[in-house]
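K.L.:
Sequence:
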Amino acid sequence: MTSEARRGETDVKRAETLVTVPQARELEGITGAFAAAGYSGTRINVGRQECQRFEELGMLVAVCGHCKAQHAVQTQHLIDQ
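Taken in order, the sequence shown gives residues 15 to 95; the numbers are from this note's numbering.
No lab work stands behind these hints: they were computed from the structure.
Don't take every hint at face value.
To be verified - Computed spacing ranges between beta-carbons, pair by pair:
no. : residue 1 : residue 2 : range
1   : Y53       : A83       : 29 to 37 angstroms
2   : R62       : K82       : 18 to 26 angstroms
3   : G52       : Q90       : 28 to 36 angstroms
4   : G52       : C81       : 30 to 38 angstroms
5   : G72       : D94       : 16 to 24 angstroms
6   : H80       : G46       : 17 to 25 angstroms
7   : A83       : A51       : 29 to 37 angstroms
8   : N59       : A86       : 15 to 23 angstroms
9   : Q84       : E30       : 18 to 26 angstroms
10  : S54       : K82       : 25 to 33 angstroms
11  : E40       : I93       : 14 to 22 angstroms
12  : A47       : H85       : 18 to 26 angstroms
13  : A50       : A83       : 28 to 36 angstroms
Heads up, the beta-carbon is just placed ideally off N, CA and C, and yes, glycines get one too.
Throw the hints in and build the complete structure from the sequences for me.
P.N.:
Here it is in structure tokens:
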């Protein structure tokens, strides 16, 4: 087992669109709107970040933190994966 598998990382196809939000409340609004439109998201881990993947939309949605620096670092982490 690789170190990646031990950390619970999931192998996913690269998303065409990455959407990051600062707070979980905002994530719930976005994913709720997608669900109302008939799109279901799957919770996955990308690196150490928990995300929701909308395969049909080619989209990955994640909470990356409220502080500008934290948001930037976590967004870059997702991009680097």
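K.L.:
Decide, hint by hint, whether the structure agrees.
P.N.:
Now the hints, each set against the structure:
1. Look at Y53 against A83: about 32 angstroms separates their beta carbons, and that is inside 29 to 37 angstroms.
2. The beta-carbon spacing between R62 and K82, approximately 20 angstroms, falls within the hinted interval of 18 to 26 angstroms.
3. Checked against the hint of 28 to 36 angstroms, the C-beta distance between G52 and Q90 comes to roughly 32 angstroms, which is consistent with it.
4. A hinted range of 30 to 38 angstroms for the beta carbons of G52 and C81 is consistent with their spacing of about 34 angstroms.
5. With their beta carbons about 19 angstroms apart, G72 and D94 fall inside the hinted range of 16 to 24 angstroms.
6. Checked against the hint of 17 to 25 angstroms, the C-beta distance between H80 and G46 comes to roughly 20 angstroms, which is consistent with it.
7. Between A83 and A51 the CB atoms are about 33 angstroms apart, so this pair conforms to the stated range of 29 to 37 angstroms.
8. Distance hint for N59 and A86: a CB-CB separation of about 20 angstroms, consistent with the stated range 15 to 23 angstroms.
9. Judged by the Cβ atoms, the range 18 to 26 angstroms given for Q84 and E30 holds: they are separated by roughly 25 angstroms.
10. For S54 and K82, the hinted distance range of 25 to 33 angstroms is satisfied, since their beta carbons lie about 32 angstroms from each other.
11. For the pair E40 and I93, the beta carbons lie near 19 angstroms from each other, so the given range of 14 to 22 angstroms is met.
12. For A47 and H85, the Cβ-Cβ distance of about 21 angstroms falls inside the hinted range of 18 to 26 angstroms, so the restraint holds.
13. Between A50 and A83, the C-beta spacing of about 34 angstroms keeps the proposed range 28 to 36 angstroms intact.
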